Each structure stands twice: as C-alpha cells, then as structure tokens.
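Novice: The lines below spell out each chain.
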Amino acid sequence: MIGSLSVLGAALAFGLGGIGAAIGLSIVGSKTIESMARQPEMAGRLQTTMFIALGMIEAIALLGFVLAFVLYGVS
Amino acid sequence: MAAPGSTGAEAAASPMAEGIDHLLHELSVIPLSGGHGEAAAGFTLTNYTFWLIVASALLLVFFFLASRKARLVPEGIGNLAEAGVDFVRNGICVDIMGPEGKKYFPFIGTIFFFVLFNNLLGNIPPALPGTGTVGTTFVWAIIVFIVYNAIGVKKYGAVRYIKSFVPSGTPGWLSPLIFLLEIVSHLLRPVTLGMRLFANMYAGHIMLGVFAVFMAIAIKEFTAVSVVVLPLSFIAQVALRAFELAIAVLQAYIFSILTAVYINGALHAGDH
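Quick mapping for you: the protein sequence lines, in order, are chains A and B.
Using the working numbering, the first residue of the first sequence is number 169, and each one after it goes up by one.
Using the working numbering, the first residue of the second sequence is number -2, and each one after it goes up by one.
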C-alpha cells in the first residue's frame, strides 16, 4: 500500500512541480521577448536577467524531480 | 564504465521495470577501488570521480595547448580558448559586477570551465558527467557560499555585513522577521545552486536512458508496435542529445552567473 502510494506521490511531485515551473518559464520567456521588441538596445542585459530567472524557476521543478526519485526509492 | 546491473533481489517484474532498474544502477555511484562502508573511509575512486579526473585532465591539456603559443592574433585552439575566456570575463564578470568584477574572474572562470568540461564530457556515451553527482556540485556550491560571504565580511566587517541583511528603514518590530527570512534565503542558496546542476545532469541522462530502454525492449520483443516505437525513440534520442549539449553549456553559464550575482550582492551589501 505504502509502495504504490509513494509511486503516485512521485508522479504528483514531478507533474505538479512541472506545471508550475512551465507556467513561470513561459511568462519569463514571453515578457523577455516583449521587452526586447520594445527596447532592442537593452537585449543583452535582458537576456542575462532572463537566464538568472530561468535558473531560479527551473530549480523548483528539479526539486520536484529529486523528490520524485526519493519517493520512488521508498516504494 | 559501470558494471552490468544485476540488482537481483527485485528480479524481473516486467521488461520496463527491469530496464529502468538497470539504468538507475548504472547512473548510481559505483566504487571502482577500495571498499564499501568503513573500508571506504579514505579516497575511493568511483565511476564519477574517474570521469571527473579525466575531465580535469582534458581541461588542463586544453589550456596548456592554448597558452603555449600566446600571440597577439591567436590561431586555432588559442582562438577558442580566448573566446571562452573573453565570454566569462566580459559576459559574466564585468556584465554583472562592473569593472571591479575582473578581480573575481579567476574564481568564476575556474568554476565555469570546470563545470563546462565535466558537463560536455558526460555527453560522450561511455563517460559520465563529473557534475552528475551531489558530491561534486554541493562542494562547489558550499565553496561559493563561503567565498561570497567572506568577500562581504572582508569589505564591510562582520557586524556591518550581518546588519545589512535588514534594509535600513525597516520598522523595528519587523526587523527580526526580515533578518530570519534573509538568513534562510542565504542558507538555501548553496542548496539550490548544487541541486540545480546535479538534477539537470542526472535528469538529462535518465531521459536519454529511458528512450534507450524503449529501443532495447522494442528490438528484444519485436511486435507490430516496435515498428512505431523504434523510429520515434531514435528521433527522440537524437533530439535530446542536441538538447543535452545546449543544457551542458547553459548550466555552466547559470552556475557561474549566479556566483557572480551572489558576489555582487555581497559587494554592495552595505549600500542600502
């Protein structure tokens, strides 16, 4: 029982974490493109800031990924 | 490098589960010398440390060859090295920290090229990325944590640096809470820094491995479904390999740019 529940938990941890991160990443991406189109001379700085934000958001999804493996190991 | 996975105990539930178990075993840390447990107290060569040493040796050879014939207009390998060094120095250090960032180029450059070479070496099939284990990434993250705090303490003195965690103008009753939040966010930095790099490398290799397992099963138990699964898995494998190469460079960039951001934060801690 615990085993099958933890497999379900692993799927939920990665799936829900992925949904959240995907929404965040798409907002960052679209806003960066929008800003670059408005002010092309700022493109360099915007790109740097975008990568920092991408890294931060991605970490959340990857924490879910690691948690999924911990739960898979428990099963 | 890894020994064939004979997990034994949980034998053959289904070919899929068997394949995944084999894959996870191959990506786990396997000692190549020394013993397990108490016997492994000293230095133990594992499959990951072996490839880490290979990557470091390649890095050394690359920069030795590049710097052997230094000249005003570089050629060949020297050109490549100079482009990389210029990218780290001007694209990361100076871009984030301003002119004084050049002072921190040796530290950030070391991190960038070490992580880059390890990530890229992990994409050549028998090799594993040295950065694909928490042992490597968390050590670098903790080094970064110590370095940026030391820079802050050195510039402002311990008391003023710690005081700067609470921005001036915070109401008195709120400052303990803000202080606590800042401490937690600082302590979480090395955790996310190390976890991001490790999980990216590990997850990438698992994704590649899962499609390889699909292909192996499709060939072993050849049915009508295999005709569809086989080419699709192969295309996915090739596309993911290209994606992994991009991720390898991007993660080295993110790791070093976040290091630069943290050092910059410590340098300007007392400004507000």
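Keep in mind that the hints are not guaranteed to be accurate.
[What the hints assert, rightly or not] A few chain A residues facing chain B, derived, Cβ under 8 Å:
(1) Ile187
(2) Glu202
(3) Leu214
(4) Gln215
(5) Phe219
(6) Ile220
(7) Gly223
(8) Ala227
(9) Phe233
(10) Val234
These aren't lab readings, by the way, just hints derived from the structure by calculation.
Fair warning: this is a prediction, and the values are worked out from it, not measured in the lab.
All C-beta atoms, glycine included, are put in the ideal place defined by N, C-alpha and C.
Novice: Look at each hint and say if it fits the structure.
Specialist: Here is how each hint holds up against the structure:
1. Interface restraint check: Ile187/A against chain B, minimum CB-CB distance 17 Å, threshold 8 Å, status violated.
2. Checking Glu202/A against chain B by beta carbon gives a least distance of about 22 Å; that is not within 8 Å, so the hint is violated.
3. With a cut of 8 Å, the hint placing Leu214/A at the interface with chain B is violated, because the nearest CB-to-CB distance is about 12 Å.
4. Here the hint on Gln215/A is broken, as its CB sits about 10 Å from the closest CB of chain B, past 8 Å.
5. With a least beta-carbon distance of about 6 Å to chain B, the hint placing Phe219/A at the interface is held under the 8 Å criterion.
6. The interface hint given for Ile220/A is met, as the beta carbon of that residue sits about 6 Å from the closest beta carbon of chain B, less than 8 Å.
7. Checking Gly223/A against chain B: minimum C-beta separation of about 4 Å stays under 8 Å; hint holds.
8. With 8 Å as the threshold, the beta carbon of Ala227/A comes within range of chain B, its nearest partner Cβ sitting at about 5 Å, so the hint holds.
9. With its C-beta approaching chain B no nearer than about 6 Å, Phe233/A sits inside the 8 Å limit, and its interface hint holds.
10. A distance limit of 8 Å between C-beta atoms decides the matter here; for Val234/A the minimum to chain B is near 6 Å, and the interface restraint holds.
Checked against the numbered hints given earlier, the structure breaks hints 1, 2, 3, 4 and satisfies all the rest.
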